[in-house]
Amino acid sequence: MVDKEIDWAAIASHPKFVELHQAKMRFLVGLWVFGATSYFLLLVGAVSFPDLFNARILGRLNFGYLFCLFQFVLAWAIAIIYTRKSNREFDPLTTELVEMIVKEECQ
Amino acid sequence: MRYMFLPLLMVLIFGASALAADVSAQAAPGGPNAVAVAAAKVPPGLAASPQSPAAAAAKAPVPAPGGKKMQTNRTFTISMFLLIIAATAGIVVWASKSTTTASDYYAAGGGISGIQNGWAIAGDFLSAATFLGITGLMSLFGPDGFMYSVGIIISFLTILLIIAEPCRNAGKYTLGDILAFRSSSRVVRGVAALSAVVVSIFYLLGQMVGAGKLMQLLLGIPYKVSIIGVGALIIVYVALGGMKATTWVQIIKAALLMFTGVVLSAGILWKSGFSLFSFFDSVATSPEIQDHVRGVMKHPVAQPGFDYGQRFLELGLFFKNPLDQVSLGLAWILGAAGLPHVMMRFFTVPNAKEARKSVVASMFLIGLFLIMVSFLGFGAALYVTPQKIMALDKGGNMAGLMIAQYIGGGAGTVTGDLLLAFVCAVAFATILAVVSGLVLASSAAIAHDLYVNVFKKGKADQGTQIKVARVASFFVGAIAIVLGIACENLNIAQLVGLALAVVASANFPVLIFALFWKRFNSAGIIAGLVVGTVVTIGILMVSPNMTYPKKVAADAQKVVLALEKKQSEAGGLSAAELKTLEKAKSDYVLNKDGTSLVGLDAPLFPLKNPGILSVPIGFFVTVAATLLFRNRREEEMFEELFVRQTTGYGVAKAVKH
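Top line first, the protein sequences correspond to chains A and B. Residue 1 is where the first sequence starts when you use this note's numbering, and the numbers rise one by one after that. Residue 1001 is where the second sequence starts when you use this note's numbering, and the numbers rise one by one after that.
It cannot be assumed that every hint is accurate.
Below, a list of computed lysine-lysine pairs in the DSBU-like style, where the Cα atoms sit at most 30 Å apart [stated by the list, open to error]:
1. B/K1097 to B/K1456
2. A/K85 to B/K1172
3. B/K1353 to A/K24
4. A/K85 to B/K1357
5. B/K1320 to B/K1551
6. B/K1518 to A/K85
7. A/K24 to B/K1518
8. A/K16 to B/K1357
9. B/K1558 to B/K1592
10. A/K16 to B/K1172
11. B/K1550 to B/K1579
12. B/K1357 to A/K24
13. A/K85 to B/K1353
14. B/K1583 to B/K1551
15. A/K16 to B/K1518
16. B/K1357 to A/K103
17. B/K1518 to A/K103
18. B/K1172 to A/K103
19. B/K1394 to B/K1583
20. A/K24 to B/K1172
21. B/K1353 to A/K103
22. B/K1456 to B/K1518
Facing chain A, a subset of chain B residues (Cβ under 8 Å, in silico) [to be verified]:
23. I1162
24. L1313
25. Q1325
26. E1639
None of these hints come from the bench; they were simulated from the model. All values derive from a computational prediction rather than experimental measurement. The C-beta atom is built at its ideal place from N, Cα and C for all residues, glycine as well.
Make the full structure from the sequences, and use the hints.
Written as C-alpha cells, this is what we have:
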C-alpha cells in the first residue's frame, strides 16, 4: 500500500470520525430494525392472527393485503429519508473527513 | 470484420436450435412433440376464452401430460426472440470494444452512473422466476404470492442501509477483495471464491432450468437444445462483453420488463373499467376462483356461508406455518444482500453516493414492478381462471404469459399473439441477462480471486487477467449447461431459495463482521463460509424439500384405496381413473422400500426453509472461530478498512486506470 504513512488509528479515534460513525450507525440500524420488525410482523401475523389480517378495510381489501402494500410504501419512505439525511448530514461530514485525511497524507 | 461476424453467429446459434425444434416436431409423429403440435392446431380460443364451448370440447381429447403447450404464433415468437438476440448481441459487440482492462471487465471501469446501475440492479432482481413465478403464485393462491414480493423489497433495506456503501468503499471487484483486505491469507481468498461460485451456480441453475422449461413450453424446442443454446449465448456475451455488456443488457431488459408490466396492468385496469374496487369485487365473486379456492382448501362440498371468493383475497392460502415464514423471511432479508452478482453491481459505480442512488432507484423500479405483478396475478386469476392456468402448468408459471395473450385479444388474434410473443421474448431476455450476471460473478471469483490472487499472488498483467476471466466464464457456462441438463426435474424455486439461505447463513455474517468488527479474522471468515454453507445444505438434505419415498408410497396407497373403494361401490372406473389407479399402484411398489437421498424415512427438520436454524449457527460459528483464533495483525488492519469503508477515502484511485 502506498498510504502506509497514514495513521489510520488516529483517524478512527478522531472525534469527527467517531461522531459520523455513531450518528450513522444509530440512524441506519434504527431504520433497519424498524423495517425488519414490520416485515416479520407481517410474516407471522398473516398466519397467526387471521382475524385481524382478514378484517376488511377498503371494500374487498383486507388488512393483510394492505399491510403488504404498506411494506412497499415503508421501504420507499426509508429510502427517501435515508437519502435526505445523507445528503444533509452524512455526506458533508464525510467530505470533511476525507479532506482531513488527504491533508495528513500530504504532510 | 470480427464485429460483424459475431451477431451473425449468435443469430445462427438460435436460429439453428429453433429450426432443429421444428424438424424434430415434424419428424416424430406419436412423440410428445407431435401432441404439442396437435394441441396448437386446435381452433383459436382454446387458451383464453372461457365462454367458448367449442374450445372446451376441443380441449377434452388432448391427452394431459407431456403434450401441454402454450398456443403461440411461431413466426411472431421466433422473430421476437431473434430481435432480442440481435439487440443484445449488438450491445455485446459495442461493449467488447471498450473492454481492455480488468477493471473494465469486472466493473465496467466504474463508469456506470447511479441511475443506470439502479436499472441494472432492478434487472438482477426481476428474474423470470420473479415475473412468471410470482404472477403464477398469485393467480393460484392470492396475496401469499405478494408476500414473496414484500420479501424482495424488504431485502433492499439491508442492501441500502448496511451493504451498498461500505462495499463500494472497501471493495474492488469481488467479495474476496473485502474479506482479504485485512489478511493476506490465500486460504481466505480461495474460500471466498469457492463460496461465490457455489452460491452463483445454485442460483444460476434455477434460472437455467426455468429457461429450458420455458423454451420447451413456448417454442417446442427440446429441453436440452434450449439449455445448450442459452448457455452458449451467455458464454459469448459474458466472455466478450464483460460487465459493461452485462449491465446494459440488464438495463434494457429491465426497461422492457417495466414496459410489459405497465402495458399489461393498464390492460387489466381497462378490462375492469378502471375501477380497482369493482376489479377486486369481480375477483371475489368469480365462480371459477371460488371453486378453485374450495379445491385448495380441500372442502369437497362448499361450506354454507363461507365466502371462498373473499378467502382468495386473504393471506395464508399457500403459507401456513409461521416458523417457516420467519425462516423464509430471514433468508430474504439477509440473503439477498450478499448475493455475489448483486454485490458486484456496486463496484460498477464511481462512489458510495452513486451506489446509494442506484439502490434507491432500483427500489422504486422493483417496487412498482412487483405491485404491477400483483395485478397481473389477480388479473390472470379473474380472466384466465386458475383452472386453465393449472391445466397448462401445475405451478402456475404460465399465468403471466396467458394473461398477456388474453389482454391482447386472445389466442389466435394478431394482437394477442403479438403481445404474447413480446412477453415471451422479454422473459427470454430476462433469463439471458440474469444468467449473464451470474456467470460474470462466478468467473470474476475464479479469475480475480483464485487465479490472480491465489495462484499468481496478485501479479498478473491486464491482458492475462481478462484472458483468464474469459476462459473462466467459458468453463462456468459449460458447467451451467451440463448441470442444467442434469437437473431438469429439480424444483426451481427450491434452488433459488437454497442459494438465498446459504448466503444468509454464510456470506452475510462474514461480510458484516469483516466490515464492522475489529476482532474479526481469517479463522472467522473460513469457518463462517465453510460451516455456514455446509450446515445450510445439510439441513436442506434432511428437510421436507427432499423426496421421501415412504411418504410417496403412503400417498399412492391412499389413492389406491380410495379408487378401489369407488370401483367396488360404483362398479367401475373411467379410463382416466383406471390410469391413475395403475400409476398409484406402481408408485406404491416403486417407493415402499425406498429412503430419501440421505437414507431417511421422514424429514428430520420440519421446515422447508432452513434459515431459522442455519442463520444462527452461521453467526455463532463465525463468532466462535474468531474468538478462538485471535490475530493481532488483522485487528490492527481494521482501522484502515474501517476508515475507508466509512469515508470512501481512496476509492477514486481504485477507479482511475
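Consistency of the hints with the structure:
1. B/K1097 to B/K1456: Given that 30 Å is the threshold and the Cα spacing comes to 27 Å, the pair holds.
2. A/K85 to B/K1172: holds (26 Å)
3. B/K1353 to A/K24: The hint holds at about 14 Å.
4. A/K85 to B/K1357: OK: A/K85 and B/K1357 at ~13 Å, within 30 Å.
5. B/K1320 to B/K1551: holds (20 Å)
6. B/K1518 to A/K85: holds (27 Å)
7. A/K24 to B/K1518: holds (18 Å)
8. A/K16 to B/K1357: With Cα atoms ~25 Å apart, A/K16 and B/K1357 stay inside 30 Å; holds.
9. B/K1558 to B/K1592: holds (13 Å)
10. A/K16 to B/K1172: With a Cα-Cα distance of about 26 Å, the restraint between A/K16 and B/K1172 holds, given a limit of 30 Å.
11. B/K1550 to B/K1579: Between B/K1550 and B/K1579 the Cα gap is close to 22 Å, so the pair holds against 30 Å.
12. B/K1357 to A/K24: holds (17 Å)
13. A/K85 to B/K1353: holds (12 Å)
14. B/K1583 to B/K1551: Measuring from Cα to Cα gives roughly 16 Å; hence the hint holds.
15. A/K16 to B/K1518: Roughly 19 Å separates the two Cα atoms, so the pair holds.
16. B/K1357 to A/K103: holds (28 Å)
17. B/K1518 to A/K103: holds (26 Å)
18. B/K1172 to A/K103: holds (24 Å)
19. B/K1394 to B/K1583: holds (18 Å)
20. A/K24 to B/K1172: holds (23 Å)
21. B/K1353 to A/K103: holds (22 Å)
22. B/K1456 to B/K1518: holds (29 Å)
23. I1162: holds (6 Å)
24. L1313: This interface hint holds because 6 Å falls under the 8 Å limit.
25. Q1325: holds (4 Å)
26. E1639: Constraint on B/E1639 satisfied, holds at 4 Å.
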